[in-house]
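Below are the chains, spelled out letter by letter.
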Amino acid sequence: MKHFKAVALASTVSLALAGTAWSGEFDGIELKMLAIGDTSVTRLAPIVGEFEELTGAKVQIDQFPYPGLIDKIVIEASANTPSYQLMWVDSPWVGVLGESGALQDLTEWVKRDAAEIHLDDIIPIQLQENTWQGKLLAFPASGMIWHVNYRKDLFENADEQAAFKAKYGYDLAPAKTWDQFIDIAEFFTRKAGETLAGKTLEKDFYGNAQAYSRVAGAITHDFFPIMRSFGGQYWDSETGLCAIDREPGLKAAEVMKKLVPFNPPDYLGLMWDIRTGYMERGEVAQSGYWSVRTVRLTNPNEAVLPTIGEAGYQPSPTGDGGPMETMTGALSFGINSKASDREKEAAWAFIKWGTSRDMMRRFAEEGNGVSMFHKSILSDPDLQAKYPYYKVLLETQETAQRRIFHPFYADVEEIFGVELNKYMAGETESAQEALTNGCTKINTRLKVFNQDMRLRWIADPKAEIFN
Amino acid sequence: MAYIRKRNRNIFLVFMMPAVLVLFGTTIYPMIYAGYLSFRSYDLAKLFVPRVFVGWANYQEIIASSEFLHTLTVTFKLMAMTLSVQLVLGVGIALLVTQRLPGMGIARTLLLIPMMISPVIVGLVWLFLYFPELGYLNYFLSFLGLGPYAWITSTDWALWAIAIADIWQWTPFIMMGTAAALTNLSPEPFEAAKLDGNSAWDVFWRVTLPQIRPVLISLMFLRAIDAFKIYDIIFVLTKGGPGDTTEVLSMYIYRQSFTFWRMGVGAAASFVSLIIIVVLITLFFKSLNREAHQA
Numbered sequence: 022m023k024h025f026k027a028v029a030l031a032s033t034v035s036l037a038l039a040g041t042a043w044s045g046e047f048d049g050i051e052l053k054m055l056a057i058g059d060t061s062v063t064r065l066a067p068i069v070g071e072f073e074e075l076t077g078a079k080v081q082i083d084q085f086p087y088p089g090l091i092d093k094i095v096i097e098a099s100a101n102t103p104s105y106q107l108m109w110v111d112s113p114w115v116g117v118l119g120e121s122g123a124l125q126d127l128t129e130w131v132k133r134d135a136a137e138i139h140l141d142d143i144i145p146i147q148l149q150e151n152t153w154q155g156k157l158l159a160f161p162a163s164g165m166i167w168h169v170n171y172r173k174d175l176f177e178n179a180d181e182q183a184a185f186k187a188k189y190g191y192d193l194a195p196a197k198t199w200d201q202f203i204d205i206a207e208f209f210t211r212k213a214g215e216t217l218a219g220k221t222l223e224k225d226f227y228g229n230a231q232a233y234s235r236v237a238g239a240i241t242h243d244f245f246p247i248m249r250s251f252g253g254q255y256w257d258s259e260t261g262l263c264a265i266d267r268e269p270g271l272k273a274a275e276v277m278k279k280l281v282p283f284n285p286p287d288y289l290g291l292m293w294d295i296r297t298g299y300m301e302r303g304e305v306a307q308s309g310y311w312s313v314r315t316v317r318l319t320n321p322n323e324a325v326l327p328t329i330g331e332a333g334y335q336p337s338p339t340g341d342g343g344p345m346e347t348m349t350g351a352l353s354f355g356i357n358s359k360a361s362d363r364e365k366e367a368a369w370a371f372i373k374w375g376t377s378r379d380m381m382r383r384f385a386e387e388g389n390g391v392s393m394f395h396k397s398i399l400s401d402p403d404l405q406a407k408y409p410y411y412k413v414l415l416e417t418q419e420t421a422q423r424r425i426f427h428p429f430y431a432d433v434e435e436i437f438g439v440e441l442n443k444y445m446a447g448e449t450e451s452a453q454e455a456l457t458n459g460c461t462k463i464n465t466r467l468k469v470f471n472q473d474m475r476l477r478w479i480a481d482p483k484a485e486i487f488n
Numbered sequence: 006m007a008y009i010r011k012r013n014r015n016i017f018l019v020f021m022m023p024a025v026l027v028l029f030g031t032t033i034y035p036m037i038y039a040g041y042l043s044f045r046s047y048d049l050a051k052l053f054v055p056r057v058f059v060g061w062a063n064y065q066e067i068i069a070s071s072e073f074l075h076t077l078t079v080t081f082k083l084m085a086m087t088l089s090v091q092l093v094l095g096v097g098i099a100l101l102v103t104q105r106l107p108g109m110g111i112a113r114t115l116l117l118i119p120m121m122i123s124p125v126i127v128g129l130v131w132l133f134l135y136f137p138e139l140g141y142l143n144y145f146l147s148f149l150g151l152g153p154y155a156w157i158t159s160t161d162w163a164l165w166a167i168a169i170a171d172i173w174q175w176t177p178f179i180m181m182g183t184a185a186a187l188t189n190l191s192p193e194p195f196e197a198a199k200l201d202g203n204s205a206w207d208v209f210w211r212v213t214l215p216q217i218r219p220v221l222i223s224l225m226f227l228r229a230i231d232a233f234k235i236y237d238i239i240f241v242l243t244k245g246g247p248g249d250t251t252e253v254l255s256m257y258i259y260r261q262s263f264t265f266w267r268m269g270v271g272a273a274a275s276f277v278s279l280i281i282i283v284v285l286i287t288l289f290f291k292s293l294n295r296e297a298h299q300a
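Same order as they appear, the protein sequences are chains A and B.
When we follow our numbering, the leftmost residue of the first sequence carries the number 22, and every step to the right adds one.
When we follow our numbering, the leftmost residue of the second sequence carries the number 6, and every step to the right adds one.
In short, the hints are calculated from the structure, not lab data.
Note that the structure is a prediction, hence the values are computed from the model and not measured.
So these bits of chain B aren't anywhere near chain A, every CB distance computed over 12 Å: (1) L18; (2) F44; (3) L101; (4) R105; (5) G110; (6) A205; (7) F226; (8) V277; (9) L285.
In the EDC-like style, the derived pairs of lysine to aspartate or glutamate whose C-alpha atoms are separated by at most 16 Å in a straight line are: (10) B:K244 - A:E435; (11) A:K373 - A:E137; (12) A:K224 - B:E138.
Think of the CB as a built atom: it goes at the ideal place given N, C-alpha and C, for glycine as much as any other residue.
Build out the structure end to end from the sequences listed, making use of the hints.
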């Protein structure tokens, strides 16, 4: 029955799209996409042949790991003759790509095709994530939030609850504050031979796994959401210079430092995928990360956890326990501004097809969910039952904050990646020293530019598609 | 006669031309262009950053940078760690494989294998060994109730982890050169030393070592240049981390050029690196000349 529903839905999508003016419209066009090997692309890559059947345009998706992908995109963007017409874009990259004129402005196309792409159904922050100076430069293919995944089965275990209450004096529940998060991490950190939920552990169990690696600035991908949860900002609103070394940044660095003893011994090398791997294998009690990989926790083909326990999902904790504006992000598709007009039209047709609401629903129905960005999908009760994290995704994005989008983002990511990693490794004595070092290095590069330009780079005018 | 000489010179030039063109295209022109870039602000990623002449600013930035000095220190530290162990092991193994014992020929051939593997592959092999959760090293140590150890993500171990991989790959180079030198030594001084009743250690220290010293200096010098350029193994194993524990000069150049895309600063750092290597070469030849005069 499930299979029948999926086939029926696929047929509906194909028939619906075949009914548009696309049929054979792009015969002879060949599109190449420079992309990541992540759920926003891996779900789509095997079925691009369907797009060719519909439109005549042939699509080839080249998938690369995240570290180094921006390098390839930057080289592609600086070349006069494009090899790739389509580019996968992580939303923090829109600044550098936008200021360099590397991406096609999609604003007018989106306005023109608003009804076809169900613009009103897309969570607005996901579109805003892809804007630079009000222009929409990429279209969401996967909408993310930074949130906490935890071992629901362990949190609901009566013995563990009693032991936690006895030790900390309050009930064991998903953390609302970072202090609680640290307590929980400490509580669940156990050695092999100790007991966890009534079972003797064969190997060490960890209270937490976060990204601490300096590689590709991985540590900043967890540090920045925590900093924002303390109310921190990246930039000084009056000078446009670095503000990461202020109190919220210090608190975030100290939270991460306090969590070190409860992380696996290779914590300094924990990249995004290694850190999520611990959660997917059920070897940690809780871990904060981007929802783009949360989808795997519900699929027994992609994670061990669904077979040995159950994952729970929770918005990010905050400094004071009050509701926070969740950190959001978008993994998107953009068009190379140097592609020919016909290639651009075909590329836009591909983006509409590959990110359409029907396509996203099809992925969800087939069990290959991506991190969604359509309100109707995230609020669908059947899908919420299948993917419990949809509820968190939907609710938190109502008041979500945009990620960093500065043209010097790569510098920020790399410099703070190293400085924070040094602090976590004990090479730098204090969080203040680490963050001040980072800000000094960034400011040296930014001060070359006048203040007006710096302030323009941190301005976030509302996307013109909403006008 | 003059015609033949002129014709021979022309033929000589024609035959030389392909090599000269290749050398110019792959070495001389890139070097000139890098020199030109080193005096410019040139950001490959940020097309909005003005690409202008900045004089010596890139060089001044590098020399004043604590980061650069740190990478230089790490480079020399790693060089000292690898070269010292490679010298001792390489000479020791060479002494062993040059003995007239059964199987030494095969052993010598097998020992050369690591040297023939690409450094990236060597890095990957050692990554599989060192990997904290799934690595073979921690797996076998777990049988002894030890670990898991964070070999490549611990500030105490990471540089040694790289050094061990480099030692594994390049000790055969020292062994091969030393073995060649040992087999070419004249037997008379050894026989005389034995007749005088010298111990094996005395024979090695007073007879063997002085004779192979020029070869060892050459081998160590070549390894020192390689150690100065080490990149692949570090890129695969640690990428300069944890913190900046394993960030060597070549990683610094890579980060400036291909992470920050500051091609001008990267080019200037390459030239500083080149100057250091040239100084090393000069010192080496001076030391060789001194040896020759003393001999």
